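Participant: Protein chains in written order, with the working numbering: chain W, 52 to 445; chain Y, 52 to 445.
No wet-lab data here; the hints were simulated from the structure. Among the hints, a few may not be true.
Identical copies go unnamed one by one, so any copy, or any two together, can satisfy a pair.
[Claimed, not checked] List time: in silico SDA-like cross-link candidates among lysine to any residue, alpha-carbon distance up to 20 Å:
no., residue 1, residue 2
1, K389, F107
2, K204, T349
3, K229, V355
4, K411, L104
All values derive from a computational prediction rather than experimental measurement.
There are 2 protein chains.
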Amino acid sequence: MAKTVERPRMNAQPALTSMAPLNPPERLLMGPGPSNPDPRVLAAMSRSLVGHLDPFFVAMMDQTMDGLRQIFQTQNHHTLPISGTGSSGLETIMLNLLEPGDSAIVANVGHFGQRLAELARRAGADVRTIEAPPGEIVDPADVDKMLTERPAKLVAFVHVETTTGACQPIAPMVEVAKRHDALVAMDCVTSFGGMPIEIDALGVDAAGSCTQKCLGAPPGLGPITIGPRAMAAARARNAPAHTWYLDLALLFQYWGEDGSKKRAFHHTAPISSIYGIYEAIRIILEEGLETRYARHRTAHEALVAGLDRLGLSLFTPTANRCPTINVIRAPEGVDEAKIRSRLLDMGVEMGGGLGALAGKVWRVGVMGYNAQVSRVDRFVDALDEALRAEGWRA
Amino acid sequence: MAKTVERPRMNAQPALTSMAPLNPPERLLMGPGPSNPDPRVLAAMSRSLVGHLDPFFVAMMDQTMDGLRQIFQTQNHHTLPISGTGSSGLETIMLNLLEPGDSAIVANVGHFGQRLAELARRAGADVRTIEAPPGEIVDPADVDKMLTERPAKLVAFVHVETTTGACQPIAPMVEVAKRHDALVAMDCVTSFGGMPIEIDALGVDAAGSCTQKCLGAPPGLGPITIGPRAMAAARARNAPAHTWYLDLALLFQYWGEDGSKKRAFHHTAPISSIYGIYEAIRIILEEGLETRYARHRTAHEALVAGLDRLGLSLFTPTANRCPTINVIRAPEGVDEAKIRSRLLDMGVEMGGGLGALAGKVWRVGVMGYNAQVSRVDRFVDALDEALRAEGWRA
Chain W
52 MAKTVERPRM NAQPALTSMA PLNPPERLLM GPGPSNPDPR VLAAMSRSLV
102 GHLDPFFVAM MDQTMDGLRQ IFQTQNHHTL PISGTGSSGL ETIMLNLLEP
152 GDSAIVANVG HFGQRLAELA RRAGADVRTI EAPPGEIVDP ADVDKMLTER
202 PAKLVAFVHV ETTTGACQPI APMVEVAKRH DALVAMDCVT SFGGMPIEID
252 ALGVDAAGSC TQKCLGAPPG LGPITIGPRA MAAARARNAP AHTWYLDLAL
302 LFQYWGEDGS KKRAFHHTAP ISSIYGIYEA IRIILEEGLE TRYARHRTAH
352 EALVAGLDRL GLSLFTPTAN RCPTINVIRA PEGVDEAKIR SRLLDMGVEM
402 GGGLGALAGK VWRVGVMGYN AQVSRVDRFV DALDEALRAE GWRA
Chain Y
52 MAKTVERPRM NAQPALTSMA PLNPPERLLM GPGPSNPDPR VLAAMSRSLV
102 GHLDPFFVAM MDQTMDGLRQ IFQTQNHHTL PISGTGSSGL ETIMLNLLEP
152 GDSAIVANVG HFGQRLAELA RRAGADVRTI EAPPGEIVDP ADVDKMLTER
202 PAKLVAFVHV ETTTGACQPI APMVEVAKRH DALVAMDCVT SFGGMPIEID
252 ALGVDAAGSC TQKCLGAPPG LGPITIGPRA MAAARARNAP AHTWYLDLAL
302 LFQYWGEDGS KKRAFHHTAP ISSIYGIYEA IRIILEEGLE TRYARHRTAH
352 EALVAGLDRL GLSLFTPTAN RCPTINVIRA PEGVDEAKIR SRLLDMGVEM
402 GGGLGALAGK VWRVGVMGYN AQVSRVDRFV DALDEALRAE GWRA
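Same shape as in the complex, but just chain W (with noise of 0.2 Å):
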């Protein structure tokens, strides 16, 4: 990729002296994301860029929080893209609500359910969790009963687990835990913009997403809305949140505090990021939000028809399953690795299993830009050929 010259230099170190052009291969992504984000939120990024200040920027950055609203279903004033990729807009959520001293209880059936629990130890609270095999959901039963042997300020789980393709029902994990007044967080990484997210009519207090699986943008901001009672609790804080970066307070005072012209500078917006999940936001509301689920509905359909064609199931128990991540059970006999470097040669990416399933398992995301049966139909065409290729289909 690059020509390497030593020749002499004050710190003896071999100068790289040129580095080649850039010519990323074309994929299609159809792993666990990143997807292939549409055409035009790439052709978005690479308009002019404007000042972080600029009243054009300052207008638009009020429509990407309204944009957000809309899809994640809320009025909520606090909703913004974090300028990281969506680990650090579930980190936002757990460094602001959550401190030393502080309980949390975390739902963890797979590796973003420990992710989550971990963002939470990090911010200093003591975390429970709850586990369940792979491919299953926590029980919101098994929540209750913790937090009637002991509180908990906040109750975080995953809404699609990206690693086992388990779906855990919003509404009765909300319940119970708002009979026990505990803040209700939710990674919804998976499903933001692919399946409907009510945030409001369901009462999640904090969710968190991505941008480069389902809204079908590259990755690099991590999309939050906060609800009137996490901030509160943000606000009634004892210390400090232990980060600037991401200090709520802070980042609203740029972003904007409801029904405030005040901006005041924190850090420097990734403008060209920020055009991209407008475009994309942008295409969600010129396609509707309900035509956009029946979109992935279908696709996820089409894969479904098609593994069955090939003689593949998924892993994941029917009940628990969802359209926007597919998790395929590796056939007995298959190298599994092999089958997945045979689809990279041909321009095909897919997942493979994480933690307790990997080696087992196929991770293929039907998501944003890539949930059409003509892209996903051309996956099950790869995914056979290179089948066939290692002996395993006649």
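Please build the complex by placing chain Y on the supplied structure of chain W, with the hints as guidance.
Facilitator: Using the frame of chain W, we list chain Y on its own:
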């Protein structure tokens, strides 16, 4: 910018049904940043996406680290672009190097010195600051005195204070800190890529910058370098850092520890932004560091000569000036905000003063792609026109 219509909805929120096409105005961005990126960088950011563990991308990560090492003039393995803006890179340094109970000394001669101090406080450190009047720098003898009174784990300073234009020479600050066995962290946000930053030769333990100034890319990443002494301090912490997203140990599980080919998923890298910084670094290596620094000096001299023709002068004392950020005295009897607003109407952005200098100065960046005499001349002509229109110049 968008059409909002009222229609009946479950949550009674006015539905945003459409957003205007993205059509950002063309700006000559001569403020303190963002500056205009090289057009090649914007084009790179819209190239087709690959996965964050794609072999193509992993090779590009290595190259990006190598390139950053060249610009930092370091052999530090732990050199990478943090997945957030420049502030997130500096926060990474503070949250990893400092923990509750630690002592830090921060040179604070403007807004960004204050930010460094606040970042250190958020990390839990006991922070002592040394101030100097706007435009002045900190006397290393005062740091020496403070360290003699009571040791500190870390001494932090801003190389080029963006709000006052003052450049703090690196070597004397490092010398005094080392004499007291303190680590040295440096904010080089406004110098990296436009002025020499010799990390290894000068012995700086940790440094952080941004992409939207002298590097010539849009905002969105925080390039940092962490030396062996700093990494040892981060590893010797009593408790894990109060961050998961910015934890150095976790980040290098993905970016790769020295000599290891192993790459474990941490967060999904902002692929398109990495494309951008890759191309920006490539442009810098093509140009050569010395040529680039000379270009910044030449453009700065053209600006000073141009301002002189207009009867304007720099605020910063001559001895403390640097090419990249130019703080100009707003002339008496001129509404400085009105001049900036007139300029923006002409498609030219310059910065106002921050903090103590608000309303008193303008800030003009000569950075990266904009460090060209032709672009500086265009700026001076526009400023001339704006001043004449406001009746200040005949």
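Participant: With reference to the structure, classify each hint as holding or not holding.
Facilitator: Checked hints:
no. : hint        : result
1   : K389 / F107 : between (49 Å within a copy, 17 Å between copies)
2   : K204 / T349 : neither (39 Å within a copy, 58 Å between copies)
3   : K229 / V355 : neither (37 Å within a copy, 63 Å between copies)
4   : K411 / L104 : between (50 Å within a copy, 19 Å between copies)
Against the hints set out earlier in the document, violations occur for numbers 2, 3.
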